[in-house]
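Visitor: Listed here are the chains, written in short residue letters.
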Amino acid sequence: MRNSSPIPGNAIADAGAGLLGTIGRVAIELVTEVGFASILLWRSTLALRKIGRSMPLVIEQARRIGVESLPLVIMTSVFTGAVTAVQAAYQLKDFVPKIYLGTAIYKSVVIELGPVLTALVVGGRVSASIAAELGTMRVTEQIDAMDAMGIDPIRYLTMPRIVAALVMLPVLTVFADILAIGGGFFVSNASLDLSPKIFIEGMKMHFVARDVLGGLTKALVFGGIISLMGCAAGLRTFGGAVGVGAAATRAVVTSCVLILVSDYVLAVLLFKIIFGE
Amino acid sequence: MTERPDRDTTATPGGGATARRGGTTAGPVIEVRDLWKSFGDQEVLRGINLTVLDGETMVVLGPSGCGKSVLLKHVIGLMKPDRGSILVEGNELTGLDGRELKDLRMRFGMVFQGAALFDSMTVGENVGLPLKEHCGIEGDELADLVEGKLGMVGLAGASHLQPSELSGGMKKRVALARAIALDPDIVLYDEPTTGLDPIMAEQINQLIRALQRKIHATSIVVTHDLHSAKFTGDKIALMHEGRIEFVGTMDDLRNSDNEAVRIFIARGYASDHRTAWESRGERQ
Ligand SMILES: Nc1ncnc2c1ncn2[C@@H]1O[C@H](COP(=O)(O)OP(=O)(O)O)[C@@H](O)[C@H]1O
Ligand SMILES: [Mg+2]
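Quick mapping for you: the protein sequence lines, in order, are chains F and D.
Per numbering that gives the first Met the number 0, the first sequence runs over residues 0 to 276.
Per numbering that gives the first Met the number 0, the second sequence runs over residues 0 to 283.
I should point out that these hints are in silico values taken from the structure, not numbers from a laboratory.
Just so you know, nobody snuck in bad clues.
Listed next, the stretches of chain D that the computed footprint assigns to chain F, with coverage defined by at least 3 CB atoms under 8 Å from CB atoms of chain F:
#1 71-80
#2 129-143
Short, incomplete list of chain F residues facing chain D, as computed with Cβ under 10 Å:
#3 Arg52
#4 Glu132
#5 Thr135
#6 Thr139
#7 Gln141
C-beta atoms are modelled at their ideal positions from N, C-alpha and C, and glycine is treated no differently.
The whole structure should be built from the sequences, with the hints applied where relevant.
Guide: Right, dumping it as structure tokens:
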């Protein structure tokens with residue numbers, strides 16, 4: 000523990016140094032965790048050969064990740080769509096014809112808000128619960144017990160969660176997109192006095208499949224990040240109940256940071272390089 | 000453990016614990032040779048040597064935190080040593096990976112210190128998991144086999160219960176049933192009586208003894224409980240500061256003039272309940 004300095008000026012410097020130290024520590028932690036997650040990804044990929052036998056496990060996880068996240072996704076996306084409509088109307092007012100409101104809402108939802116917000120809310124829920132569950136199994140030696148009876152924890156625990164998340168995040172994102180656009184549609188209609196016909200006209204006018212495809216590609220990657228970081232934090236848990244709590248926190252922090260970082264990377268990759276020009 | 004029924008060091012070993020194999024010469028099943036393991040700068044195992052013969056029950060005695068669990072985890076390949084080797088029926092275990100390690104592990108059963116039951120599964124699913132995963136047994140056949148194993152540990156009819164509904168002693172018994180599900184040749188017990196009340200501990204000791212007679216497995220029992228050691232073991236090994244200081248029968252142990260042995264015995268009975276409490280506090 001650092002001693003806090005008696006001189007007020009130094010206290011601020013101390014706090015600054017403490018902050019830097021904390022950031023450094025978090026960065027190192029993130030790198031270690033990502034390194035471990037990469038190994039986990041590789042080993043889970045190898046375990047895909049036995050996915051046939053693990054299908055019931057995958058389905059169970061898909062239910063837990065997908066179906067149980069649905070209420071949260073519905074709430075988030077409807078309101079996101081509604082807010083987007085209000086904000087877009089305000090920002091575009093006086094510059095842009097109203098017909099473009101539909102375009103703006105649909106584009107921002109499908110490309111960015113749908114996948115990212117879904118990933119952030121589902122990520123918080125799912126990565127924490129995966130980390131807590133596997134972390135508890137780790138500290139109570141359940142994972143050792145599984146290993147000891149010749150059942151590979153990667154095949155039995157990690158791989159099904161990753162596959163389920165890879166499938167369910169795009170599915171949830173499709174739901175979120177539809178509901179958010181619906182929310183935007185409703186608000187435009189009810190309070191921004193934009194007729195449904197014009198809203199839909201605006202959407203159609205600039206519809207391109209690659210927007211949807213790009214958005215769903217993001218969702219796929221986010222699904223991988225969420226499940227992988229949850230598993231990585233869980234499997235590296237040590238130190239009893241406190242350790243389990245720390246693992247859940249670590250899972251949420253690392254997955255949220257990685258979602259935002261990879262969102263930028265994917266934006267550049269997808270919309271500048273692959274779909275660009 | 001304050002009211003343990005038998006606190007007398009000089010009592011004869013109960014349940015026929017002395018060399019049950021009499022004069023037969025059995026070959027070694029497990030040989031641990033010069034095993035070293037450190038975590039960071041903490042040296043936990045410092046040159047362990049231990050040989051367990053076919054059908055024999057070896058008890059490894061030692062105070063909490065001396066590395067008994069770490070030793071067992073090496074024997075079943077859950078940890079990799081820094082140095083040294085482990086031979087199972089003459090085959091080196093330390094280099095094994097993947098398929099070979101899995102095949103070898105299926106010949107082992109292990110009872111973990113905290114039972115380590117899968118808490119997302121029922122008792123029956125816990126015991127049936129290895130059978131289902133490795134032998135592809137399902138349905139009624141699986142249910143019958145599971146019921147048979149549960150019967151062996153006195154828990155027939157409990158297969159629908161959740162682990163959270165069980166007492167500590169019942170959990171240990173389910174863990175035992177699960178460990179013997181695949182009819183292993185070798186059974187490892189990590190502190191089977193720690194954390195149990197004296198009566199429950201006694202029952203588990205007797206159960207271990209009875210199972211040994213029934214399934215004829217080679218066993219290693221790790222414990223800090225002298226009484227349990229006396230009751231379940233054919234031979235006792237004393238672990239001290241990362242080495243095996245002494246191996247012999249319970250009588251040899253009592254008559255030994257080895258310094259570490261004398262200290263452990265003197266302290267063992269006097270403070271047995273204290274160490275039990277300590278370890279309970281440490282573990283959960
Ligand atoms: N995975 C691990 N990482 C770091 N230290 C460990 C690990 N496992 C055990 N230890 C340390 O090794 C020592 C022996 O532990 P253990 O084998 O559990 O003792 P016991 O004899 O009570 O079973 C303890 O000091 C423990 O902190
Ligand atoms: Mg232990």
